[in-house]
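2 protein chains.
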Amino acid sequence: MYVGRTKDVKVDQLPMEGVKKATIQWLISEKEGAKHFAMRLVTIKKGGVIPLHSHSQVHEQYILKGQGIIFTNDSQRELKPGGFVFVDENEAHGMKNTGNEDLEVICCVNL
Amino acid sequence: MYVGRTKDVKVDQLPMEGVKKATIQWLISEKEGAKHFAMRLVTIKKGGVIPLHSHSQVHEQYILKGQGIIFTNDSQRELKPGGFVFVDENEAHGMKNTGNEDLEVICCVNL
Chain A
1 MYVGRTKDVK
11 VDQLPMEGVK
21 KATIQWLISE
31 KEGAKHFAMR
41 LVTIKKGGVI
51 PLHSHSQVHE
61 QYILKGQGII
71 FTNDSQRELK
81 PGGFVFVDEN
91 EAHGMKNTGN
101 EDLEVICCVN
111 L
Chain B
1001 MYVGRTKDVK
1011 VDQLPMEGVK
1021 KATIQWLISE
1031 KEGAKHFAMR
1041 LVTIKKGGVI
1051 PLHSHSQVHE
1061 QYILKGQGII
1071 FTNDSQRELK
1081 PGGFVFVDEN
1091 EAHGMKNTGN
1101 EDLEVICCVN
1111 L
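Protein chains in written order, with the working numbering: chain A, 1 to 111; chain B, 1001 to 1111.
With the rest of the complex left out, here is chain A (with noise of 0.2 Å):
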């Protein structure tokens, strides 16, 4: 069993080119035992944004905290705390802090 606490994890800036102002922290992935899947949370703060991307892994994510849009190329939904997204393989997607606060998801993606 591995316990550990986000304050303690090594924050990277989101490598994806046009992002403007978010950054991943890799909770739970190989390092820590993981084979199946990794749980990461991507906090994007006020103003960044996620440009649209696809990959052939899904996502499945939970909103903790601030607000903002998960968008694909021709419609765009509202996410909240308590919202949850699943994204398929090779679906296009973006996301984008319309608040005021960060905007913090837990997003897991299979290895």
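To be clear, the hints were calculated from the coordinates, so they are not data collected in a lab.
Bear in mind that the values here come from a model prediction, so they are computed numbers and not experimental data.
There may be inaccurate statements among the hints.
Stated by the list, open to error - Covered by chain A, according to a simulated footprint, are these stretches of chain B (three or more residues, beta-carbon under 8 Å): (1) 1005 to 1016; (2) 1020 to 1032; (3) 1062 to 1070; (4) 1087 to 1096; (5) 1103 to 1111.
Stated by the list, open to error - In the PhoX-like style, the derived pairs of lysine-lysine whose C-alpha atoms are separated by at most 20 Å in a straight line are: (6) A/10 / A/45; (7) B/1021 / B/1080; (8) A/80 / B/1045; (9) A/20 / A/45; (10) A/45 / A/80; (11) B/1035 / A/35; (12) B/1021 / B/1035; (13) B/1065 / A/80; (14) A/45 / A/7; (15) A/7 / B/1065; (16) B/1021 / B/1010; (17) B/1080 / A/65; (18) A/46 / A/21; (19) B/1020 / B/1045; (20) B/1021 / B/1046; (21) A/20 / A/65; (22) A/20 / A/10; (23) A/7 / A/65; (24) B/1080 / A/7; (25) A/80 / A/21; (26) B/1031 / B/1046; (27) B/1065 / A/65; (28) B/1010 / B/1045; (29) B/1007 / A/65.
Note that the Cβ used here is the ideal one computed from N, Cα and C, for glycine as well.
Place chain B on chain A using the hints.
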């Protein structure tokens, strides 16, 4: 893409012998398109407990709210918001609410 709200998801009693005052909501599972892993919200009310048990799936958990412990055969660790836990396959584990409010935990499991 599937976007939902926790408050709209059916609340089930956690189906396990010896459980006291604990519920589960399946936020993302096969029904929403998940194939690799599922996301659930587990709520343990004041005085509630999930007894020691084990299974072949792993857990990746994030503490949203409340205070509690996660315990194994011979140890226990404190849980509070911002904490996270990796439980490996076949590793015995249980959880207990030790506070005065609900203990809310995002609990992901491989399918």
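Hints versus structure:
Beta-carbon proximity to chain A at under 8 Å applies to 3 residues in the region 1005 to 1016 of chain B; the threshold of 3 is reached and the given coverage holds. Restraint check on the region 1020 to 1032 of chain B versus chain A: 3 residues with Cβ-Cβ distances below 8 Å, three needed, restraint holds. Given a C-beta distance limit of less than 8 Å, the hint that chain A covers the region 1062 to 1070 of chain B holds, as 3 residues qualify and 3 suffice. Coverage of a stretch by a chain is defined here by at least three residues with a beta carbon nearer than 8 Å to that chain's beta carbons; for the region 1087 to 1096 of chain B and chain A the count is 4, and the condition holds.
Counting residues of the region 1103 to 1111 of chain B whose CB lies closer than 8 Å to any CB of chain A gives 3, which reaches the minimum of 3, so the coverage claim holds. For the hint pairing residue 10 of chain A with residue 45 of chain A, the CA-to-CA distance comes to about 17 Å; that is within 20 Å, so the pair holds. Among the hinted pairs, residue 1021 of chain B with residue 1080 of chain B is consistent with the structure: their alpha-carbon atoms are about 19 Å apart, no more than 20 Å. In summary, the hint linking residue 80 of chain A to residue 1045 of chain B is not supported, as the alpha carbons are separated by about 24 Å, beyond the 20 Å threshold.
A threshold of 20 Å between alpha carbons decides the hint, and for residue 20 of chain A with residue 45 of chain A the separation of about 8 Å falls inside it, so the pair holds. Under the criterion of a C-alpha separation no larger than 20 Å, the hint pairing residue 45 of chain A with residue 80 of chain A is consistent with the structure, at around 14 Å. Taking the CA atoms of residue 1035 of chain B and residue 35 of chain A, the gap is near 15 Å; set against the 20 Å cutoff, the hint holds. About 29 Å separates the Cα atoms of residue 1021 of chain B and residue 1035 of chain B, which puts this hinted pair outside 20 Å; it is violated.
For the suggested pair residue 1065 of chain B and residue 80 of chain A, the alpha carbons sit about 16 Å apart, so the restraint of at most 20 Å is met. Annotation: proposed proximity of residue 45 of chain A to residue 7 of chain A holds, straight-line Cα distance about 17 Å (limit 20 Å). Restraint check: the Cα-Cα separation between residue 7 of chain A and residue 1065 of chain B comes to about 16 Å, which is no more than 20 Å; the hinted pair holds. A distance of roughly 16 Å separates the Cα atoms of residue 1021 of chain B and residue 1010 of chain B; the hinted pair therefore holds under the 20 Å criterion.
Of the pairs offered as hints, the one joining residue 1080 of chain B and residue 65 of chain A holds, with about 16 Å between alpha carbons and a cut-off of 20 Å not exceeded. A threshold of 20 Å between alpha carbons decides the hint, and for residue 46 of chain A with residue 21 of chain A the separation of about 8 Å falls inside it, so the pair holds. Taking the CA atoms of residue 1020 of chain B and residue 1045 of chain B, the gap is near 8 Å; set against the 20 Å cutoff, the hint holds. As the CA atoms of residue 1021 of chain B and residue 1046 of chain B are separated by approximately 8 Å, the hinted pair is consistent with the 20 Å bound.
The hinted pair formed by residue 20 of chain A and residue 65 of chain A meets the criterion: a straight-line CA distance of about 18 Å does not exceed 20 Å. With a C-alpha separation of about 19 Å, the suggested pairing of residue 20 of chain A with residue 10 of chain A holds against the 20 Å cut-off. Straight-line distance between C-alpha atoms of residue 7 of chain A and residue 65 of chain A comes to about 15 Å, which keeps the hinted pair within the 20 Å bound. Between residue 1080 of chain B and residue 7 of chain A the CA atoms are separated by roughly 12 Å; this keeps the pair inside 20 Å, and the hint holds.
Pair hint residue 80 of chain A plus residue 21 of chain A holds up; C-alpha atoms about 19 Å apart against a cutoff of 20 Å. Taking the CA atoms of residue 1031 of chain B and residue 1046 of chain B, the gap is about 31 Å. The hint is violated against a cut of 20 Å. The hinted pair formed by residue 1065 of chain B and residue 65 of chain A meets the criterion: a straight-line CA distance of about 12 Å does not exceed 20 Å. Of the pairs offered as hints, the one joining residue 1010 of chain B and residue 1045 of chain B holds, with about 17 Å between alpha carbons and a cut-off of 20 Å not exceeded.
Of the pairs offered as hints, the one joining residue 1007 of chain B and residue 65 of chain A holds, with about 16 Å between alpha carbons and a cut-off of 20 Å not exceeded.
Hint compliance for this structure: hints 8, 12 and 26 are broken, all remaining hints hold.
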